[in-house]
Every structure is written in C-alpha cells, then in structure tokens.
Amino acid sequence: MTGEDLPLAGMRVVELSSFVAAPLGGMTLAQLGADVIRVDQTGGGPDIDRWPLAPSGRSLYWAGLNKGKRSVTVDLRSAADRDVVARLITECGTVLTNAPPREGLTYDELRASRPDLVHVQLHGDRDGGNAVDYTVNASLGFPSITGPETWSTPVNYALPAWDVACGLYLTVGLLAAERHRLRTGEGRQIRVALQDVALATAGNLGYLAEAQLCAEPRPRLGNHLFGDFGRDFVTADGRVMVAVLTARHWRDLVAVTGLAEVAGALERALDADFGQAGDRYTYREALGGVLAPWFSSRTCAEVGDAMRDTSVLWSRYRDFAELAADLHAYPLMGELDQPGVGPHLAPGSPILFGSASPPPSPAPTLGEHTGDVLRTVLAPRVGDAIPPA
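The sequence shown runs contiguously to residue 550 in my numbering.
No lab work stands behind these hints: they were computed from the structure.
A quick note: this is a predicted structure, and the numbers were derived from the prediction, not measured.
Here a beta-carbon is modelled for each residue, glycine too, at the ideal position from N, C-alpha and C.
Accuracy of the hints is not assured; some may be wrong.
Derived DEER-like restraints, expressed as beta-carbon distance ranges [stated by the list, open to error]: (1) V325 - D286: 14 to 24 Å; (2) Y318 - P492: 22 to 32 Å; (3) A240 - G204: 10 to 20 Å; (4) P216 - G532: 27 to 37 Å.
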C-alpha cells in the first residue's frame with residue numbers, strides 16, 4: 162500500500178514525546194498514513210539512547226517506536242525555538258504529547274492561535290502527576306498474582322502493558338477529537354492518564370469487582386489459567402502452553418491425547434462436570450497429572466502434529482532468539498534498513514486493509530527533517546528563525 166491509499170493520508174500531527182506510550186500513539190498514526198512530526202530537544206530527549214541497543218550503540222527502542230515519522234530538533238529551552246514549535250503546531254492543528262507544559266506551548270496559548278486545535282496530553286495520573294508503567298502496575302496489585310505459586314514477594318513483568326494500552330487510547334482519543342472537528346469545526350483538549358488506563362483495564366476485566374465482592378483474594382497461580390484449565394507441560398524436547406476455554410476445546414484435548422475414558426472416570430469419581438469451566442479449574446491439578454505423561458513422551462513437533470486439526474489452543478515456548486530466527490515466516494515482518502542500525506526484520510502495521518497492511522518504514526535519524534519541515538510548513542511565517550538542519 163502507498164501512503165495515499167492509507168486512511169489518515171493528509172493528516173499532520175506534531176508529537177512532543179518520549180518513552181513508550183506517546184511515541185507508540187504517534188507511530189500508530191504514522192502507520193495509518195498520517196504525517197507525524199516528532200519534535201525533540203537538540204541532542205535528543207531522555208529516550209534517545211534507551212536500551213536495547215544495536216551493536217552500533219543506537220537505540221533499538223527509539224528506532225522501533227518512531228518508524229515512519231519525521232524528526233525535528235530545536236532548543237526547547239529557547240523562547241525563540243519554542244515559538245517555532247508553536248507555529249508548527251498551529252499550522253498542523255494537532256499535537257500529541259507527554260511533555261510537561263512549557264511557556265509558549267501550553268494548551269491555552271496554542272488554542273489562542275488555533276481555536277480548532279486538537280491537543281492530546283498524556284499524564285501519569287489524572288492530577289497531572291508523574292507515573293510510569295512499572296509504578297502504576299505495582300500499585301494495582303498485579304505483581305501479587307504474578308509468578309510461581311510458592312513465591313510470597315511481588316513479581317514485576319518485562320512487558321510495559323499499560324504503556325502499550327495507553328498509547329492506543331491516545332490514538333483513539335486523537336481520532337475521536339479529529340472526527341468531532343470534522344463534524345463541528347471545534348477543537349478539543351484530550352487528556353489521558355496512564356493510571357486511569359491501567360485502572361480502567363483492571364476494572365473492565367473484573368479484577369477490581371472481584372476484590373470488592375469476593376472474600377477470597379485471587380491466588381498466585383504460576384502458569385495455570387485462572388477460571389479454566391490451562392497450564393504449561395514439559396515435552397520430550399521443550400515446553401508447551403495449553404489453554405482450554407470452551408467445552409469443545411476440552412473434548413478435543415482429551416480425544417487427541419486418548420484420555421477421554423480416563424478423564425470421564427475421574428469426572429465420575431469427583432462428581433464433576435469437565436464440560437464446565439469452573440470444574441476444570443477446580444480440579445486442574447488432577448487433570449494436569451492425567452495429561453502430563455502424554456506430553457512428556459512426545460516432542461513439541463509431535464504435539465503440533467497431533468493438535469493440528471483440533472480446536473485445542475496451544476503453543477511451544479520460545480525465547481526471543483528462537484523467534485528472531487523464524488521471523489521470515491510472519492507476513493507482518495518486512496525488511497528494514499534502519500540508518501545507524503542496519504538491515505533487519507521489523508513489523509509493519511498489524512492492521513490489515515483488505516488483505517494488505519502497510520510495510521515498515523525506517524525511523525528518522527534525530528533532526529533529519531528539521532530544515533525540510535520548517536521550510537515547507539513554516540517558511541512564509543518563520544523565515545530566518547528556522548534552526549539549522
């Protein structure tokens with residue numbers, strides 16, 4: 162697909178951001194065709210050298226979250242350069258940011274010059290305070306149910322899930338405000354708090370109501386699936402995860418393993434109904450004990466062959482190195498020659514338009530488009546105030 166074929170072609174967004182959520186929101190817009198102009202402090206923001214790093218020392222994190230954007234650098238400590246950025250925002254009409262307000266770049270100041278401005282601001286909490294994914298997660302209780310069953314200390318996770326969700330909420334909020342502007346001609350100020358996104362997700366999935374209404378706290382389950390039968394099994398050459406979410410999944414699992422009669426006998430002995438999720442969960446240890454020998458006597462490939470024509474949900478555990486060696490098998494991935502990093506496989510947009518999705522585009526080098534953007538967007542107004550490229 163070409164840029165003109167994408168749904169956000171013609172939209173221009175100024176992004177003042179760092180770290181995960183706001184850059185992810187901007188990249189999502191860029192992958193849908195918007196011209197996203199990321200503005201950074203000269204020399205780079207606080208995420209310019211964040212790990213992981215390529216062998217060259219360049220940040221793979223920064224490159225990964227800024228694909229398809231243009232990059233402008235200015236001295237945000239300078240009133241004159243902030244005025245340049247304000248003019249850029251006024252011209253483009255839409256800004257996405259998690260940066261603290263700076264003189265000349267506040268919503269009220271920008272709106273005075275562009276009444277129909279769409280201004281999307283990310284905060285740590287609703288009062289405007291600071292927070293990051295890892296501190297928000299700790300405050301919500303998830304580390305207390307993460308990790309091995311025998312552990313008594315909280316266990317953090319590697320994936321910044323709330324940042325990812327927040328980045329997508331920022332995108333949705335911005336597009337909703339753009340839709341409102343198209344209908345009414347009015348701008349909107351959109352504020353999204355990382356803590357609110359995490360809290361809303363915990364509530365929407367029932368964690369919070371469960372804690373309020375149920376006497377027993379949710380236990381730490383290791384790799385067991387809460388509320389149904391799911392767990393990891395050791396195979397002859399690795400480990401697999403199996404998840405049962407419906408009665409059909411369960412029937413297929415016991416049929417393919419040849420254990421339907423054994424499971425039926427156990428069901429009768431326990432006066433249980435394994436067609437019901439609650440009973441599968443309650444007796445998960447007994448069911449796992451019945452199934453474990455079948456998995457341990459087979460390789461992962463043999464498990465895959467057996468499961469291929471069933472509804473059973475399963476996957477082999479792999480580390481990142483194993484996955485990286487197999488990335489050519491995924492249509493989402495495309496060849497990308499990232500300046501300063503080199504050729505590698507990178508994801509395009511996971512959104513399919515019909516049968517096609519936009520391929521990955523390189524992230525800019527820091528400040529790469531400063532002169533071009535300011536000459537083409539602001540030349541009639543800024544003149545000699547344009548910073549050097």
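Status of each hint after checking the structure:
| no. | hint | in the structure |
| --- | --- | --- |
| 1 | V325 - D286: 14 to 24 Å | holds (18 Å) |
| 2 | Y318 - P492: 22 to 32 Å | holds (28 Å) |
| 3 | A240 - G204: 10 to 20 Å | holds (19 Å) |
| 4 | P216 - G532: 27 to 37 Å | holds (30 Å) |
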